[in-house]
Amino acid sequence: MAAGVSLLGLVPLGYVVVTAIATGAPTLSALVFRPRVAELLANTAALVLITVPLCALVGVAAAWLVERTRLAGARAFAILLVVPLAIPAFVNSYGWVSAVPSLNGLWSGVLVAGLSYFPLVYLPTVAALRRLDPAVEESARSLGLPPFGVFLRVVLPQLRLPILGGSLIIGLHLLSEYGAFAMIRFDTFTTAIVDQFRSTFNGPAANALAGVLVLCCLFLLVGESGARGGARYARIGSGSARPAGRTHLGLWSPVAYIFLGVLVALSVLVPFSSVARWLVSGGFAAWSDRYLLTALGQTIGYGLAGALVTCLLAFPIAFLAVRFPGRVVRVLESINYVTSSLPGLVTALAFVTVAIRLVPALYQTSSLVIVVYLLMFLPRAIVNLRSGLAQVPRGLEEAARSLGRHPLVAFSAVTLKFVMPSALAGSSLVFLGIVTELTSTLLLAPNGTRTLAIQFWSRVTDVDYVGAAPYASLMILLSLPVTYLLFARSRSEKAAVNSL
Amino acid sequence: MITTPKWASAVALSLAAVLALAGCSAAAPEVGSSSGGKPSGAITVYNAQHEELTQAWADEFTKQTGVAVTLRNGDDPELGNQLVQEGNASPADVFLTENSPAMSLVDNAKLLAPVDADILAQVPKAYRPSTGHWTGIAARSTVLVYNPSLLSEAQLPASLLDLADTKWKGRWAASPSGADFQAIVSAMLALKGEKATAAWLASMKRNTTTYKGNSTVMKAVNAGEIPAGVVYHYYWFADQASTGENSANTKLHYFKNSDPGAFVSTSGGGVLKTAKNPAAAQAFLKFITGKAGQAILETGSSFEYPVASEVAANKALVPLADLNAPVLDPSKLDSRKVTDLMTAAGLL
Amino acid sequence: MNEIRSRAVEPRAFDHSAIVMAGVGKRYGETSVLESIDLSVPAGSKTVIVGSSGSGKSTLLRLLSGFDFPDAGTIHIGADMVAGPGVAIPAHRRGVGHVAQDGALFPHLTVGQNVGFGLNRHERGDRSAMVAELLDLVSLDPALASRRPDELSGGQQQRVALARAMARRPGVMLLDEPFSSLDTGLRASTRELVSAALTAAGITTVLVTHDRAEALTFGDQVAVLRDGRLAQVGTPTALYCSPTDLATARFLGDVVIFEANASAGQVRCPLGVVARCTSLNGGCTALFRPEQLVIDLLVPGADTGGIVARIAAAEFQGSSQLLTLEIAGGPGLELPVASGIHYRVGDQVTIHTIGDAIVFPAS
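Chains as they are written, first to last, in the numbering used here: chain A, 99 to 598; chain B, 690 to 1037; chain C, 8 to 370.
Certain hints may be false.
To be verified - Short derived list, chain C residues pointing at chain A, Cβ under 10 Å:
no.: 1; residue: HIS99
no.: 2; residue: ARG100
no.: 3; residue: ALA111
no.: 4; residue: VAL344
no.: 5; residue: SER346
no.: 6; residue: TYR350
No wet-lab data here; the hints were simulated from the structure.
We put the beta carbon where it would ideally sit given N, CA and C, even for glycine.
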């Protein structure tokens, strides 16, 4: 069954390859090797190469300030710095364009994307910092390293995994983001693919661009894997429960406060105040939009259904990965991982084609939408379930069985209970992803679908910012509980905060 | 091999079954009576027109006949191409467009059924194709929206082709990814030929600031970011009628003189050959082109031009007859060629 | 290996320095964790600080290492004051070696890189040779240098941590419960190896532990810490044979306790007159170490002196057996004896005492 899910995951990749072959080399090279593609490649490369290091820097700095210094209000900052995760990137863009209408181009893209995505490095770094063994740093100090040397040579190397992992995810988000960049008129591969799709519905040009985009994704994946190396940074030994010491910033405090304050203001206050402004000017009338309740219902419906399906189907794979690890399982996991790294747009394109040509009964059905969501968000569920399962002491289940419980009952009474929190975390992440998903829903949705994201986008393209505000606020409201859950788990010693 | 718990397999299988059933039922539209008599049941409309306008048509139609209307909203070429790809498996009954090239695309793929004669009788010849496979339902005029504080009347271009000049570099905007602009280009293609159009598109790549959407173009001109933009007329009128916040600082310039810039684009409506409820589909088209449907264009907030049943346009608009639009057969406008040309120019 | 190398760069090298703590105190908020600590560790010697968890021994070590600073008192290492009024030399400038509870090896470096971490730039040239030498010193195979820490066993990690700390030739070495996470069998052998390495290098060592065997075997001096204060400081023998209070006595070994009565300078308990004490009168406690009580099977008719008791229970424990004895008209007591003679329940035995009991006031 796990194999079945992974086979589904091969569809998008297979689709790109097959259409490339079908288009034929001459047409394909004409479509790929042209100035427009070079322009898009330059834009996309610049975006990634500037935004990712910037996010990493900001994320690590913020994490260190919050976790390892004696800043007053560190806890408040800790929560505020996670809030941007509840604001979809395209809503953030909408907020910024409302405040500064002339925003456009590369640097605006870096600004908006950076502010939306830095928590993706910040959060895992904070979690890792909390789990670092302070004795290691103390040993380094006793070996003669001054405090800054300790940070550079001992702390940072141990943070390599969360920093690299977070950066990879930011890179992949950058490659697949559409709404945010469309609004500030910055052309990337994904915006161009959507434009092509709008014009030709799956024409060869759209597929050629998708092919290049997939190559970029794979490039990022390989790069991160290489940079990570074979290192395992598991905590050695039982370790003491003592938290690491916090540094006094002294004269540097004002600088730290300004930095964090500006960060929070830009990433949270600007979008929130823009949405509030439009809500106020729209008044109650905006809330009586006829589609508001339908959109809310549909979004929640898709979110819950998607989360449930994804978690259920993630379970066999996670189970195998923990209890019976081996090469086969690793391959299955890798396929899922690669597929989910592709932009949702490409996966959606693939399934639209496959559905029309091969399985018309599934075309334009909610099931197909759920299948694509499944493939996009599976790793979030797998990774969380896996860490939950890994913490279940194996002997417990056997103990229950030896006490006379039927294996199934033993399983549900023991293992399931342990796994519940991780399953919940995984489902929440999937839910968050679905609520904020725009592009693939646009492509796949059955007639009459109106999710919050789709309605928001249609209001925005009509430049009806006032009408878009209620949808934006609902999306944020739906995402806040999940964001809080992520924040809570990052502070818990036992949980591992995993890929978002 | 590896034993996964039995219950997990059972759950997965049942889940798959549920999903499959849900999938099938969601895909199958309700079928109404197909032959003669009063229209009933439901229709699926692939709608590329503005959602508000079509929703107004649909609501009124449903009120009058009781037929339920489900809309699938999208853009002209997106839906047009989708219909072509879906072929005979398409669930659509009716296709409504903003411009004619997409409709021609579907017609050339032999997917449209002939429109009932009584519908054709309601629409003047100029606004329907010779094939009789679809009909015009509304029209819109190309305009140049400009900011008087940045562009004086003396500086206004006489023809759309003038915008190729280097003095217009960075001074005009458009939304080339949209179907609307692509229709305007298709008109230029039909009027001036491929070579001239390709040259003009190349100059556009150099001169134009691109935006996504006509409203965004107008907003930018209004804000003074750019002196002029090429859009359709009704965006301006609609904004003027509401708050005016996106057009208060702008004026409209009509090219006239049968210039490509005076192109009046016909919005089309057609019934699919594979419609599951052809009677209701035809009835919907009849309603739209009838007095009641066209009156919605006159009195409503869309500000597009009515074309049928001799209904006059909204009082705020310049009458169609005064626009001096070039005469074109709407079925001859080629959207595929336009996309290729624009891709070659690096605009797509 | 015993040469003292002077360094051109920080930290300062204390060679075989003595440690002197005077009046050291530490509070966390309202709670006083350490109070009036006066401890002196002679150069080149080994001191063990024992106490149960919560006694403040880890805090004491952290004050010596420089990770924390005392609120009262002074700490001298060698000739220099490292902590005191107006003086607070941080850890990275004290040149004090520190081995943490789990070794705390750097997980992202190999064993060799860990050991060589503290090596000076000048010494980096012949790093691999020095690393091999250090690993050899702690009886580890130099081939382990290319492995990663998580590939090593607990005992090996501890020894690598020691080698790492010793790479800097510190004059003082601090060990924080380094053997507590090891298996019992491994604990003893690792302890011996570490002790030998430190003795050979002549490094002043302070070991913190809650383990009784370590306290008695590792150091030249034992300091008992209880509730933030030093209960007693002395040689292992002194503490074992002459504990100053009951808790210390119990901590360092098995005890057999009797309620006793002191009058006219004599202390009397069910075993007879067991000690002389002029300072106490009335009720008190008499304490024996098990090895001070000798039992023999009662031979009917023979009078060898000693108190008669009956064996109520006998539990086989391998080389020893635990007997529960009932003294006629008196209390019962538990006594471990060697298993050579097999005693049975119901046997009558006589108890003789060797040496005097240790007398404490009644608790």
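Hints, one by one, checked against the model:
| no. | hint | result |
| --- | --- | --- |
| 1 | HIS99 | 5 Å, holds |
| 2 | ARG100 | 8 Å, holds |
| 3 | ALA111 | 4 Å, holds |
| 4 | VAL344 | 38 Å, violated |
| 5 | SER346 | 36 Å, violated |
| 6 | TYR350 | 40 Å, violated |
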